[in-house]
Amino acid sequence: MYLLEIKDLNKKYGNKKILENINLKVKTGINLGLIGPTGCGKTTLLRLIDLLENPTSGKIIFDGINTSYSKKDKLQIRRRMGMVFQKPLTFKGTVFHNVAYGLKIRGENKDQVQEKVYRNLELLGMDEYAERNAASLSGGETQRMALARVLVTEPDLLLLDEPTSNLDPLSREKIEELILQLKKENKTTIIMTTHDLIQGQQLSDEIVILNHKIFQIGKPEEIFRKPQNQFVADFVGVKNVIQGQAILTSEKLTMIKKGNITLYSSEKGNGKVFASIRPEDISLSLEKLDNSSLNKLKGNVIQIEDVGAIIHLKVKVDSEIFTVYMTRKSFLDMNISIGETLWLEFKATGVHLFQ
Amino acid sequence: MNRKFLATIIIVIVVLLGLGAYLYASGQGGNEVLVVATTTSLEDTGLLEEIEAAFEAKYPNIDMQVISAGTGIAIEYGKRGDADIVLVHDREREEELIAEGIGTERNPFAYNYFYIIGPSDDPAQIRGMNAAEAFIKIKDEGEENPDLVEFISRGDDSGTHASEKKIWDATGLDYSKTIQTGKWYVESGKGMGDTLMIANERQGYTLSDSGTFLSFKAETQLEILISESEELLNVYTAIPINSNLVPDTNIDAADKLVEFLLSSEGQKIIEDFGIEEYGQTLFTPLKNGPKPINYI
Amino acid sequence: MSEIIEGIYQAINLILTLNPEMLEITLRTIYISLSSTLFATIIGVPLGGLINFKTFKGKRGLVNIIQTLYSVPTVLVGLFVFLLISRAGILGELNLLFTPTGMILCQTILIMPILVGFTINALSGVEKNIEDLAMSLGANQFQTIYTIMKEAKYALMGAVILGFGRAISEVGVALLIGGNIRGFTRVITTTISLETSRGNIALSVALGIILMLIALVINLILNIIQEK
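Residue numbers (the working numbering), protein chains in the order written: chain A, 70 to 424; chain B, 3 to 298; chain C, 1271 to 1498.
Since the hints were derived computationally from the structure, they do not count as laboratory data. Any given hint could be a false lead.
Said to hold, decoys possible - Which stretches of chain A does chain C cover? Using the computed rule of at least three CB atoms under 8 Å from a CB of chain C, they are:
{"no.": "1", "stretch": "135-149"}
{"no.": "2", "stretch": "170-180"}
{"no.": "3", "stretch": "215-226"}
By construction, the Cβ of each residue, glycine as well, lies at the ideal position given by its N, Cα and C atoms.
Turn these sequences into a full structure, and let the hints guide you.
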């Protein structure tokens, strides 16, 4: 059921804690996105999983086998995984030689090597590159070659470290396509790190938000819609987070108070909570409208940011600043300028609560 | 690729083995080896090559191997048992070797004279003097005018250097205090050939064995200024190494070489050597030839 | 300067006439220097690899010592080996002094530091991550080391060529250990030394030219092997 289980994993370099108390179960066949800021320990976690480094404490169990045992076991397990490094290196020689490496050291026969190498190169649109000197490839081509080099060994677990960062659009597209295809085939389990949220959301079945510790594990929409804590909210770019006192007023409604602001949420909460409202869920008007929205707040425009078709406004309500988006057209229609008084309206279902 | 690389290495090894076997087979003329450690002047002139050829023709079972070095290291080879016989020209050290029991006996087999060599304009005006007088004159002129008069010494404890020091001793001057410290006195620390080249470059005086100088004469603008003087006598001696004291030396073959050197055949080779190449003899045989002045 | 022109002429003459003594000396020179390079490579490269891949106390100091030994005077090595294999020495029984085998032994010792040291340099010059890459692609320990060696092959071949260069151009050891015995241990460098002291300057230049030609041919061959 679980291809990979990580239990109470810790990793220190000297006194520096890189990873703390990591617990993770990865089901066979899923795509797991590992997302976090630079230096959060993503790469270290991948290296630990690939058995290139030893954890300071904790267990990594691969397909039911505890990996902390003999060198021979480790080699056998490592041969069932494949890792593409963030900055892929090339061996001296041709692209063919590079891609064939994993098969040759496994002692596969020549015909098989030939067939598999060409099949995988084709998969990445690189079959014409086979006899080229690998050192002469561009960054994107090298990355694709690195992916082919791992895929030929048909790994059960594919580890990808920032597979598309700093790539040309063509290479990026090819690689994303391939990951989606692998996802569809449902054979290969993939753990992929990225700092690109959109990519993580598109390519993953499940997302882990990591910053030395795991902050949240969940489906992409859960992460984006319902961050469980301030770190995730900040990291996934949730705007309009307000900390306040929550009182459960009925089965379906929570009231949150912060200074003179009162918010209503359809989620349950009690005591000290964070409330977040996505900017796109807020509508603006010059006059207070009579509609079903429970939340109606009055504020002043303090900043206008023109980012093309969409205008970002910062509106000060009491002591809080809200970010609101509006189209250029309605912005011009309403003739908004700095200092203008506006009404912000949003539904109770648009207010997400977390601790 | 790996197989090709391995094949290349194997080919290299096979070729080397074959080459080694061939060279060893061709090198070992006889089944008995006689190692002769000799002073450079005998080898450099080419005399020993002729003696070797004649000796090996006479005793086809013996492979004579000549190692040429300075007298000092040649004697050291003998002491350590690496040579079976030494051919040298430094009477004091030879007598030491006999006294220590390492050498069986001194067998003088040839002699010649050292030459005092210098620039043809002879800035110190030594022509016609005897060796000791000439050395004193060179020292005086050198101290007076070190830019014009220099003496280039081997300075390497070779037989030639030992002879040079003996001449300085004969002048009554203190070698290490008065001579070696002089600005005009240059020590090359090299062999005779190199020392002659240095003397030529600096237009200085030097002491040389006759053979080496004659072979270098064409390359230099130096001249023989003094050729026959008692102190310049240079006697070559063959000393077999005592196999009772130094194990594993081939005393039989060594004795045969001594016998050969002193035989009329050997003495004839020594007498005739050099006429063809230099137009004059380089060595005088000692067994039947005229005894040199002051020879004891 | 006329000696040089005459030397070139004599060199051509010696080569064209295939002078038998010259041929023998040349073959011996190749045999001795190539053999010592081979032995030094067989021992030195794995040793350098071992030092590079293992972490141990005093590693840096050891590498410093090895690098210092690059510049050890050949005469000193010769003297050390002489004392060892002279009949009065520990290995005197083997009768290695004044033999080609003794010369090979001594030159092997002489160029060993170059091979060990440059192997360490070559291997440490390979990107550290190559090791991870090889392991990650499933290489076992031996395969990983082999891969790193292959990545460093140009630098390793450079070490071999340098070692060979030092062996073939060497004269101190060849004289002291070989003794320059005609027809047995005489090599090109010792012949040059002898002919120079005999005053045959042009012949010495000719021999020097032949030595350079041999070195050129051997380097070309090594380069061809390297390209494969």
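Here is what the structure says about each hint:
For the stretch 135-149 of chain A, the assignment as covered by chain C holds, since 4 residues bring a beta-carbon within under 8 Å of that chain's beta-carbons and 3 suffice. Here the stretch 170-180 of chain A counts 4 residues with a CB under 8 Å from a CB of chain C, which clears the bar of 3, and the coverage holds. Chain C is given as covering the stretch 215-226 of chain A, and this holds because 3 residues of the stretch bring a CB closer than 8 Å to a CB of that chain, at least three being needed.
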